[in-house]
Amino acid sequence: MTADNDLDAGLPIRLLHDRVLVRMEGSEGERRSTAGIVIPATAAVGKRLAWATAVGVGPNVRAIVSGDRVLFDPDDRSEVELHGRGYVLLRERDVHAVAAERIENDPTGLYL
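Residue numbers (my numbering): 1 to 112.
All clues given are correct.
Simulated restraints on C-beta separations:
1) E79 / H17: 13 to 23 Å
2) T53 / D75: 15 to 25 Å
3) P12 / A35: 39 to 49 Å
4) W51 / R14: 20 to 30 Å
5) A63 / M24: 15 to 25 Å
6) N60 / R23: 17 to 27 Å
7) G36 / L16: 39 to 49 Å
8) N60 / A35: 36 to 46 Å
9) V38 / H17: 36 to 46 Å
10) A35 / R62: 38 to 48 Å
11) P59 / R102: 12 to 22 Å
12) T53 / R14: 14 to 24 Å
To be clear, the hints were calculated from the coordinates, so they are not data collected in a lab. Just so it is clear, CB atoms sit at the ideal spot from N, CA and C, and this is done for glycine as well.
Turn these sequences into a full structure, and let the hints steer you where they fit.
This is how it looks when you write it as structure tokens:
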């Protein structure tokens, strides 16, 4: 766990079972394309997944550690506010992908 971990900084929460607490990256409003075009929040797009940073994990989480970037469906989320800051609470099985330097290309054989 890193020193700047939100849970280490004193958030009043202990995650149970396979729960993952994440902090959303960026805003959920308008976004900018790689060419610099502003896309309004009201623009219709297909099912879009979102990236977030894991700030805490429960004791039964196997593939995610605090500080990992995770990809999940923002439509299936539970929001929580702690110390005036918004977080999203997920189950490990609701995470589609993990981006971290420690991830290797060797398959683990684990299925979530």
